[in-house]
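> Listed below, chain by chain, are the residues.
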Amino acid sequence: MSKLLEVQDLHTRFHTTEGVVRAVDGISYDVSEGETVAIVGESGCGKSVGAMSILRLIPKPPGEIVEGSRILFAGEDLLSMDDDRIRHIRGGQISMVFQEPMTSLNPVLTIGLQLTETMMLHLGLDQAAADRRAIELLEMVGIGEAERRLRQYPHHFSGGMRQRVMIALALSCRPRLIIADEPTTALDVTIQAQILELMRTLTHQMGVALIIITHNLGVVARYAERVIVMYAGKIVETGTAEQIYHRPRHPYTIGLLKSVPRMDMARGKRLQPIEGQPPDLTRLGEGCPYRPRCAWAEDRCERSTPALENVGEGQIAACFNHRALADKESLAV
Amino acid sequence: MTGQSTVALGKIDDPIDKPALITRIRSLCRRQPLGAAGGIVVVVMCFAAAFAGFLTPYDPVANSLENMLSSPDGAHLMGTDEFGRDILTRVLYGARTALFIGLVAASLGATLGLVLGVASAYFGGIFDLVVQRIVDIFLAFPLVIMALAVVATLGPGVQNVIIAITVPFIPQCARVVRSSALALREIPYVDAARALGFSHARIILRHMAPNVMAPFLIMLTYFVGQAILLEAVLSYLGMGVQDPTPAWGLMLKGGAEEFLESAPWLSIFPGLAITLAVFGFNLFGDALRDLLDPKLRSR
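Protein chains in written order, with this note's numbering: chain A, 6 to 338; chain B, 81 to 379.
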């Protein structure tokens with residue numbers, strides 16, 4: 006499979022009164038055509054900022070994508086292209102599904118208008134063709150009585166249905182990549198599964214690559230082919246979903262897995278949270294950012310930052326102790 | 081937009097039926113009696129302006145020296161002025177001038193202010209800072225002084241009066257709309273619109289502007305009242321509409337001042353018309369604000 010998206014050494018900073026926040030601090034990854042990649046990490050680790058940077062949606066100022074960062078989409082650098090071209094990519098080639106379905110649709114415009122406007126802009130359809138396609142799309146995402154629904158406003162829809170509309174909107178212009186930023190966080194658990202299932206089916210059917218940003222490891226296990234774990238603006242581990250689940254090589258990944266309830270866990274056993282708080286991104290010094298919370302921290306972790314290295318079969322982790330961790334099979338829960 | 085579609089969208093019954101117009105008007109009168117009164121004034125004024133030619137047999141401009149300064153009677157309900165022109169006729173035609181100038185100036189000023197205010201909030205940063213400081217400068221001048229300054233530069237005439245009244249409205253509306261739009265800027269659908277590849281202009285006009293309609297409409301009705309008053313002031317000061325065009329402000333000067341004691345009807349009726357019109361529009365605007373602002377709405 007050819008590479009669709011290549012993020013190379015992306016740095017995104019925010020200039021605030023308290024100093025420079027290094028929200029994304031040198032991340033690199035690829036997404037292949039039609040592949041589903043999950044980016045996981047706790048709140049504030051830079052997952053959303055990293056995704057927003059792809060479409061250059063970071064408000065500037067205070068945000069800044071540092072010179073030298075490159076984001077290649079189908080060979081073209083998104084960061085250096087002019088505004089007209091990036092507008093063409095947004096919504097047309099790469100679309101986004103946001104976290105908040107309740108507020109991602111404009112309350113004063115009908116659903117139909119919001120769907121057709123996008124298609125008329127990117128696909129050059131006329132109103133009639135756009136209306137027909139809007140009906141098809143709504144039916145595709147499982148909204149009945151699509152014709153009537155088109156004339157309704159977002160407040161006529163429930164949260165789950167709005168997220169379905171957002172998915173229809175994201176798919177409307179036949180994009181090659183969809184970035185879903187915590188698409189299910191604001192929804193009921195039962196609806197979450199439906200929405201994820203829908204996204205998986207549709208992206209597979211249409212051969213669209215998908216980046217799911219989430220802090221829900223359950224989502225990762227079930228829907229992603231590859232997983233990127235981020236901590237404090239950096240990638241700490243990547244691998245296939247299988248690898249990340251069954252043999253994590255970074256203490257943070259292990260901590261994340263241990264803090265999630267599992268069906269096969271012994272009754273009465275307590276969850277193990279990760280102690281402490283994520284570091285202040287304005288004051289990151291030398292050394293591994295996870296060191297203060299890490300059970301395996303050593304002196305060398307304080308002196309220098311571990312680089313990402315290959316830990317076998319394409320799995321990559323940034324920990325000096327990955328070998329030791331690999332030996333302790335029991336750690337992998 | 082969707083209305084023009086060839087897909088037969090109109091055929092299916094919409095379960096969310098809107099109550100009939102009559103019912104809605106009736107409930108409006110009950111909840112907002114003052115607003116309804118204001119609304120009636122507005123409607124009557126529009127009616128007078130539209131059908132002035134049918135409502136009175138007299139010519140608003142032609143002199144009729146044999147009827148000079150006759151007091152109100154059966155033939156001339158509001159009397160005549162020093163040139164024998166029927167006051168009622170001139171008040172009716174004056175409504176036309178006042179409404180024309182008022183509506184055009186208010187909608188121009190409010191619309192330009194809307195675009196400027198939303199743009200200012202949307203772009204933020206330096207642009208917002210510069211725009212808002214310019215707005216500050218404009219807001220520092222009283223309305224009348226600003227309008228006078230503009231007319232003094234451009235000269236009198238209907239077109240220039242409209243410009244003179246529009247200019248001070250723009251910053252007023254921009255300031256109010258900006259504050260609403262600032263809150264809007266943080267709502268994800270604005271980011272979503274950007275992520276869909278829409279241009280700045282489209283986001284500002286199509287996606288953000290309709291969401292600040294409530295403050296916009298309130299400003300608009302308030303502006304119409306203000307514009308009518310301003311137009312009267314300018315005309316009275318001789319810097320607005322020129323004789324013989326029938327305008328309320330104009331009717332208050334000249335003969336009205338000279339014969340204030342012997343023929344008070346010359347000033348009473350146009351003065352009443354101005355007061356009533358401004359009062360009506362302001363009441364209407366207040367009621368509109370109460371209706372559009374859910375926090376003030378009483379059930």
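To be clear, the hints were calculated from the coordinates, so they are not data collected in a lab.
Don't be surprised by glycine CBs; every beta carbon is placed ideally from N, CA and C.
It is possible that part of the hints are untrue.
[Stated by the list, open to error] Here are a few chain A residues that sit away from chain B, every Cβ distance over 12 Å (derived from the structure):
hint, residue
1, Tyr34
2, Pro66
3, Arg95
4, Gln119
5, Leu203
[What the hints assert, rightly or not] Chain A regions said to be covered by chain B (calculated; three or more residues, Cβ under 8 Å):
hint, stretch
6, 102-111
7, 120-134
> Any of the earlier hints contradicted here, and which numbers?
2, 3, 4
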